[in-house]
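Asker: Given chain P's structure and the hints, the job is docking chain R onto it.
Residue numbers (the working numbering), protein chains in the order written: chain P, 1 to 270; chain R, 1 to 160.
Any given hint might turn out to be false.
Straight line, CA to CA, 16 Å or less: simulated EDC-like cross-link-like pairs of lysine to aspartate or glutamate [claimed, not checked]:
#1 Lys203(P) to Asp56(R)
#2 Lys133(P) to Glu156(P)
#3 Lys137(P) to Glu124(P)
#4 Lys199(P) to Asp56(R)
#5 Lys14(R) to Asp25(R)
#6 Lys232(P) to Glu188(P)
#7 Lys203(P) to Asp156(R)
#8 Lys135(P) to Asp33(R)
#9 Lys113(P) to Glu31(P)
#10 Lys40(R) to Asp56(R)
#11 Lys113(P) to Asp29(P)
#12 Lys199(P) to Glu156(P)
#13 Lys199(P) to Glu245(P)
#14 Lys225(P) to Asp33(R)
#15 Lys145(P) to Glu188(P)
I should point out that these hints are in silico values taken from the structure, not numbers from a laboratory.
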Amino acid sequence: GGVINKVMVDEGTRREVWNGKIPVCFIVDQEEVGTTNIPPEPVFMLLPRVSYFPFIYDKLENVYGGIVGKSIEETIWLSFGSTPLKWHYPVGVLYDIHGRSSTLPWEVIVHFKNYPVDQLLLYESKALETHFKSKMKEADWLKHKAEVIQQMTPQEFSRLWQGFSQGSYDEFWSVNRKMMLNSRGDIEIFKHIPFCIYKEGSKVYQRLIPGVGSTIGDLLQMYVKDEQVNSKYEALVQGVELPVETPLQWLSTYMCNPDNFIHICIVCNT
Amino acid sequence: VMTVSYDQFILDCKHFTGISDSLRDGWRLKQVDGIVYIAKTQIVQQNSDNTCISCDYHVIHHVSYQVPVLYFTACYNTGQVVPVDKIWSVLVSIDGITDKWSMISQTDHPIYSFPCYYVHPCHTATLMKNHSKTSNYLLTYITSVSPLVGLHVSIDYVQN
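Only chain P is shown next, with the shape it has when bound in the complex (with noise of 0.2 Å):
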């Protein structure tokens, strides 16, 4: 009946969050490779919007590495044009914040000289682990006071993770769906909304805001003055423009990234 085709339809809306991509041109720095070289070949690539830049590090090394003579203390980055990229940010948000007016595939510049210290955070191949660990806990911590994911074993965790850094939808959700029930198991609003706001460029300042009644027409009264709201900005999640009646309830459920955190790129349609 009407349930069921609910809960088809939300469980669709996960799993295309999941398999969302965007195609991405990698091109190294042509500083870096000299003027005496042939200019190497482009990367293409097809990323999980909900991915990390760091998955596919490697990658890029085993292709740019040697031919820049990258040496061991020298540490990937990337950038577009001249900003350079936050590795902890999902590329579908750094794509939405930067690469939105741009056309496809969006052309990112591999460099492994001159690390920006000052405006990226330190890397290394633990990181993005650390980090998302942290993102998750908190997240916990807002919906649950921490309830669920302090029941979480070491392997669930660790499934967790693997599961996400190699794609695969079922084993991630498998435990993740817990973090959506509380700690007894059962259906519950969440305390509070685990959410990231972007705005012109970059991360502003978090604010609470409950589960119960809230939607994201209220997010955009917090955030963009009473006169801007409805007639020049929107709020993008996973790259679709909401409407103000969306509950963040149900977003936090079905359109979260991995971290449990509802990314929202607030943008101006002039």
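Answerer: Relative to chain P, chain R alone:
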């Protein structure tokens, strides 16, 4: 876990900077985009080569965990960022803890988004275990966290 509301945090900030003013200790009350926090700059001179490191300390209310959190950055007088190994050797002293990164990590500044170091809010509970409800929460927090990050806090704060 002891938390402090944002409204109480603002009151604590005003009280704390009041004491700082009377001691001429340099903490400033800041308000950016409606967010209230406190900030101080401290110069550390390195004996090894007479270079100066300028450290900016910000104590900002963490929205999710509802506790104050210390964020800091360090740069040379050239404006160049101090590398991480110097951060550990010059500024940070955590005795008896083998994994320094479990207490102090890097993150984006919650207001300005640039990279900085911070004392993870999960540790605020441990640091605050001796806090008495009658005293200023922020003051207890700062006096507890300051030895970890090379921040000098006069005993006069507590005696005031």
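Asker: Hint by hint, note whether the structure agrees.
Answerer: Going through the hints against the structure:
1. Lys203(P) to Asp56(R): violated, 21 Å
2. Lys133(P) to Glu156(P): holds, 12 Å
3. Lys137(P) to Glu124(P): violated, 21 Å
4. Lys199(P) to Asp56(R): Not satisfied, since the Cα-Cα distance of roughly 25 Å exceeds 16 Å.
5. Lys14(R) to Asp25(R): holds, 14 Å
6. Lys232(P) to Glu188(P): violated, 34 Å
7. Lys203(P) to Asp156(R): Violated: Lys203(P) and Asp156(R) sit about 38 Å apart, past 16 Å.
8. Lys135(P) to Asp33(R): Since the Cα atoms of Lys135(P) and Asp33(R) sit roughly 24 Å apart, the hinted pair is violated (cutoff 16 Å).
9. Lys113(P) to Glu31(P): holds, 10 Å
10. Lys40(R) to Asp56(R): Answer holds: Lys40(R) to Asp56(R) is near 6 Å, not above 16 Å.
11. Lys113(P) to Asp29(P): Roughly 9 Å separates the two Cα atoms, so the pair holds.
12. Lys199(P) to Glu156(P): Given pair Lys199(P), Glu156(P) is violated - Cα atoms ~35 Å apart, limit 16 Å.
13. Lys199(P) to Glu245(P): violated, 20 Å
14. Lys225(P) to Asp33(R): holds, 12 Å
15. Lys145(P) to Glu188(P): The given pair, whose Cα atoms are some 13 Å apart, holds under the 16 Å limit.
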